[in-house]
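*Asks:* With the hints as your guide, set chain B onto chain A.
Number of protein chains: 2
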Amino acid sequence: MRTMPDLTHPVAPGGTVGILGGGQLGRMLAMAAARMGLKVVVFAPDRDSPAFQVAGAHIVAAYDDQMALQRFATQVDVITYEFENIPGDTGAFLASLKPVRPNPTALAVIQNRIAEKAFVQKLGIGTAPFASVTSEETARAAFATISAPAVLKTSRLGYDGKGQRMVRAVEDVIAGFETFGRVECILEGFVDFKREMSVVAARGGDGAVACYDIVENLHGDHILRMTLAPAKGPQRLKAEANKIASRLLDAFDYVGVMAVELFEAPDGRLLVNEIAPRVHNSGHWTIDGCTVSQFEQHIRAVCGWPLGDATRHSDAVMTNLLGDEVNAWRTHAALPATAVHLYGKTDARQGRKMGHVTRLYPLGTRPDTFER
Amino acid sequence: MRTMPDLTHPVAPGGTVGILGGGQLGRMLAMAAARMGLKVVVFAPDRDSPAFQVAGAHIVAAYDDQMALQRFATQVDVITYEFENIPGDTGAFLASLKPVRPNPTALAVIQNRIAEKAFVQKLGIGTAPFASVTSEETARAAFATISAPAVLKTSRLGYDGKGQRMVRAVEDVIAGFETFGRVECILEGFVDFKREMSVVAARGGDGAVACYDIVENLHGDHILRMTLAPAKGPQRLKAEANKIASRLLDAFDYVGVMAVELFEAPDGRLLVNEIAPRVHNSGHWTIDGCTVSQFEQHIRAVCGWPLGDATRHSDAVMTNLLGDEVNAWRTHAALPATAVHLYGKTDARQGRKMGHVTRLYPLGTRPDTFER
Numbered sequence: 113m114r115t116m117p118d119l120t121h122p123v124a125p126g127g128t129v130g131i132l133g134g135g136q137l138g139r140m141l142a143m144a145a146a147r148m149g150l151k152v153v154v155f156a157p158d159r160d161s162p163a164f165q166v167a168g169a170h171i172v173a174a175y176d177d178q179m180a181l182q183r184f185a186t187q188v189d190v191i192t193y194e195f196e197n198i199p200g201d202t203g204a205f206l207a208s209l210k211p212v213r214p215n216p217t218a219l220a221v222i223q224n225r226i227a228e229k230a231f232v233q234k235l236g237i238g239t240a241p242f243a244s245v246t247s248e249e250t251a252r253a254a255f256a257t258i259s260a261p262a263v264l265k266t267s268r269l270g271y272d273g274k275g276q277r278m279v280r281a282v283e284d285v286i287a288g289f290e291t292f293g294r295v296e297c298i299l300e301g302f303v304d305f306k307r308e309m310s311v312v313a314a315r316g317g318d319g320a321v322a323c324y325d326i327v328e329n330l331h332g333d334h335i336l337r338m339t340l341a342p343a344k345g346p347q348r349l350k351a352e353a354n355k356i357a358s359r360l361l362d363a364f365d366y367v368g369v370m371a372v373e374l375f376e377a378p379d380g381r382l383l384v385n386e387i388a389p390r391v392h393n394s395g396h397w398t399i400d401g402c403t404v405s406q407f408e409q410h411i412r413a414v415c416g417w418p419l420g421d422a423t424r425h426s427d428a429v430m431t432n433l434l435g436d437e438v439n440a441w442r443t444h445a446a447l448p449a450t451a452v453h454l455y456g457k458t459d460a461r462q463g464r465k466m467g468h469v470t471r472l473y474p475l476g477t478r479p480d481t482f483e484r
Numbered sequence: 113m114r115t116m117p118d119l120t121h122p123v124a125p126g127g128t129v130g131i132l133g134g135g136q137l138g139r140m141l142a143m144a145a146a147r148m149g150l151k152v153v154v155f156a157p158d159r160d161s162p163a164f165q166v167a168g169a170h171i172v173a174a175y176d177d178q179m180a181l182q183r184f185a186t187q188v189d190v191i192t193y194e195f196e197n198i199p200g201d202t203g204a205f206l207a208s209l210k211p212v213r214p215n216p217t218a219l220a221v222i223q224n225r226i227a228e229k230a231f232v233q234k235l236g237i238g239t240a241p242f243a244s245v246t247s248e249e250t251a252r253a254a255f256a257t258i259s260a261p262a263v264l265k266t267s268r269l270g271y272d273g274k275g276q277r278m279v280r281a282v283e284d285v286i287a288g289f290e291t292f293g294r295v296e297c298i299l300e301g302f303v304d305f306k307r308e309m310s311v312v313a314a315r316g317g318d319g320a321v322a323c324y325d326i327v328e329n330l331h332g333d334h335i336l337r338m339t340l341a342p343a344k345g346p347q348r349l350k351a352e353a354n355k356i357a358s359r360l361l362d363a364f365d366y367v368g369v370m371a372v373e374l375f376e377a378p379d380g381r382l383l384v385n386e387i388a389p390r391v392h393n394s395g396h397w398t399i400d401g402c403t404v405s406q407f408e409q410h411i412r413a414v415c416g417w418p419l420g421d422a423t424r425h426s427d428a429v430m431t432n433l434l435g436d437e438v439n440a441w442r443t444h445a446a447l448p449a450t451a452v453h454l455y456g457k458t459d460a461r462q463g464r465k466m467g468h469v470t471r472l473y474p475l476g477t478r479p480d481t482f483e484r
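Chains as they are written, first to last, in the working numbering: chain A, 113 to 484; chain B, 113 to 484.
Because the hints were derived from the structure by calculation, they are not lab data.
Among the hints, erroneous ones may be present.
As the list claims (entries may be wrong) - Heads up, simulated SDA-like pairs for lysine to any residue below, C-alpha to C-alpha not over 20 Å straight-line:
#  : chain 1 : residue 1 : chain 2 : residue 2
1  : B       : 465       : A       : 124
2  : A       : 344       : A       : 365
3  : B       : 465       : A       : 126
4  : B       : 465       : A       : 127
5  : A       : 465       : B       : 126
6  : A       : 350       : A       : 465
7  : B       : 344       : B       : 422
8  : B       : 350       : B       : 386
9  : B       : 344       : B       : 296
10 : B       : 306       : B       : 253
11 : B       : 234       : B       : 373
12 : A       : 306       : A       : 337
Owing to the predicted nature of the structure, the values given are computational and were not obtained by experimental measurement.
Excised from the complex, chain A in its bound form (with noise of 0.2 Å):
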C-alpha cells in the first residue's frame, strides 16, 4: 500500500541526524551533514569506527542493544543507515521511536534477493532469470528452469561473494544448498552482459527525484576498482536508467539516496542486478564531480531538505585504494585535477576499502582507457 512521504519532521539546520554504522559511507555522510550545519550522532558496534572520528557524537553498542538504541534515538531527530545489513528487529524498533529513512519496508524487501527481484520484475524491468530452491525438489526444479552457468546465492544479503558460488550441474545447486545450511537460496541465471553500470538516485520527502549520471563500472574479485562517470553510450542509456531508478524510488515510497547495479545486455537493455538502498562506491565521484554529493543528497532527503542539483559539472574516474595500495596516497595527491579520500582506516587488510581517488576532467573529456 502506497503511503505518502513523512514531511512533518523536516530536520532544519542546528538539528541531529542519527547514522546506523560507522564506516566510510557513515563517515561521508557525517561529513556531508556537518556541511549542511547539522549535528550528527553514530552507532556502531566497533570502538574504531571510522565515523566517530569526524561526529560530534557516538554510541558504541550493537545493533541489538535495545537499550542503546532508546539512548540513540532520544539523541537525534531521524535515523538512517549506511547499510543494508541492519537487523529488521532494530529498524522495526527505531522506527517506534524517531523517523527511520529510507523506510524500513524498502529495507526488508532488499534484503531477499528472491523478493527484490520478484519486486523489481513486477515494475516491469528486467532482471537476471531466478528461481527459489528451499529443497532439493525446488533445486532440481530451479536448474531445471535456469540453464547453466548460473550462481546459486543465499537468498538474505550476504557480504562480498561470500554466501554464493557458481553451479554448471544440478548436484552443485544441491551441494550448494547443503552448504549454505539449508537455508532458503536463489538460483541466478548468469547474465553475459557487456558492461556493469549504476544509477545514484534520491527520492525526497516531497516526492521529487533527482539521479546521477549512469556510471560504468569495473570489479575485480567482486569488488568495485573503478567507476568511469559519465558511462558511455547513447542519450537512451541515460533515460532507461533514470525510468529505472524513478520507478523503484516511487514503488518502494522510497525518501533518500539508491544505488540501482545494472547490467547492460548484449541487446543494449539494461537488467537491474542488485538494489543498494543507501549510498553506494559507485557515486563517491559525486562528491568531486557534482555541485550536491550523493552524501549531501542522501541527508537533504532524509531531513526533508529540497533535493540539490545532481548535474555533473565535469568528468570523472573514480578508483578505490585496496589494502596496501592506499600506501601510495603520495603519489596519487601529486596528480593533476586529482582528490584523494582517505577512511582513516588503520590496518590495510587485503582487498579492504581505504580510501578512493578521483580524477576530474572537464565535461566530455573522459578518457576511454586506464591504467589498472
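*Replies:* Chain B alone, transformed into the frame defined by chain A:
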C-alpha cells in the same frame, strides 16, 4: 635570514593535526583533514566552538593556558591556526614543542600593520601610503605626509573595523590616537580603488607555490558579502597577483595557505591591502569550484604533502549568509548548481557569519551582475 622549509616531519594519513581556533575556518580545516584520513584536535576557548562538532577531539582552554597547550602539543603531530590573533607567547611556546606552520615569524610581522606594510614595500610591492603614529608630534608629521582622507588604525590587529576610524584633519588623528589609548597607530592614505580583490595561494614544505585564481570581493559594512571567481580582467591581472603572492610566500619562508587582499588602483596596478596568514573567506568558493579546496591545500602544506591542483573547474559566486540571512537556507538549497555551507552556529547575531552559498557556472560563463 632565510631558513630551509622544515620537511623533517611529514604527517602521513593516520597522523594528527592540531588546529588553534574553533570557528568556521577551523571547522572547514578539520573537515578537509578528515577527508585526507588525518585526525584532528581543535584547541579553542569557547565551549560551543563550531569546529568541535567535526573533530575527533578538542580542548577547551584559554590561549595562554600553558598546561592545556602542552597537553594539546603532545596529542598532535603538527600545529596550525585559523586566525592571526594568536598571542606571540602562545606561538613561541607551541613551536618549542611541535612544528607550528605557518611559522610564527610570519605571524609576528603580519600582526603589526606597520611591520607588514614595510615588509611588503621592501619586496617592491605597492601598498597604500602609510606612516607611524606614536605621539602628537608623529601624528602631525604623519598627517603632513599622508594627505586626507586617511584611515587611522591601531598598528596591532583589530577585529572587523574595530580600532580604526576615518580622519580628515590632523585633530582627528590626535583624537583617535588618544581614543585608542596612545598605543602605536598607523595612518594609511586612502586608496581610490576600482575594485577589491584577493589572491589565495599556498606554499608547500618543498617551496612549491600554487595560486588560486584572483577573485573580486564585494563588501558591505567592512564585511565580505560576495566573492566573484574569477575576477574579470586581463590575463596580466592574474599574473601580477600570482607574482605578488609568490614573492610574499617566499619572503616569509611560508608553509601553508595565505590570502592577500588587494586594491586595483585606477591605473590598473595592484596594491596590497592586507595579508591574512591563513585560509580566508574569499577562498571559500574553492570548496566547490576546484578539485582541491583552500582548506585541503592548507592541510596538505602544513603536513608536508604535495600541494594539490589549484585549477578551477567552474566559475563561482560565493555569498556569505550573515545573521538572520541564514534563515533563507531552504531557498538557497533549492537553487540550481548551488552548494549550501552552514557552520553549526546557534546564535544568528547581526553580521555574524553563519554560512555561505556557492553557485557554480561552467568555465567562462560567470555573470557580471547580481542581486545583492
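*Asks:* If a hint holds in the structure, say so; if it doesn't, say that too.
*Replies:* Against the structure, the hints come out as follows:
no.: 1; hint: 465/B to 124/A; in the structure: holds, 18 Å
no.: 2; hint: 344/A to 365/A; in the structure: violated, 30 Å
no.: 3; hint: 465/B to 126/A; in the structure: holds, 15 Å
no.: 4; hint: 465/B to 127/A; in the structure: holds, 19 Å
no.: 5; hint: 465/A to 126/B; in the structure: holds, 15 Å
no.: 6; hint: 350/A to 465/A; in the structure: violated, 28 Å
no.: 7; hint: 344/B to 422/B; in the structure: holds, 18 Å
no.: 8; hint: 350/B to 386/B; in the structure: holds, 18 Å
no.: 9; hint: 344/B to 296/B; in the structure: violated, 38 Å
no.: 10; hint: 306/B to 253/B; in the structure: violated, 29 Å
no.: 11; hint: 234/B to 373/B; in the structure: holds, 18 Å
no.: 12; hint: 306/A to 337/A; in the structure: holds, 17 Å
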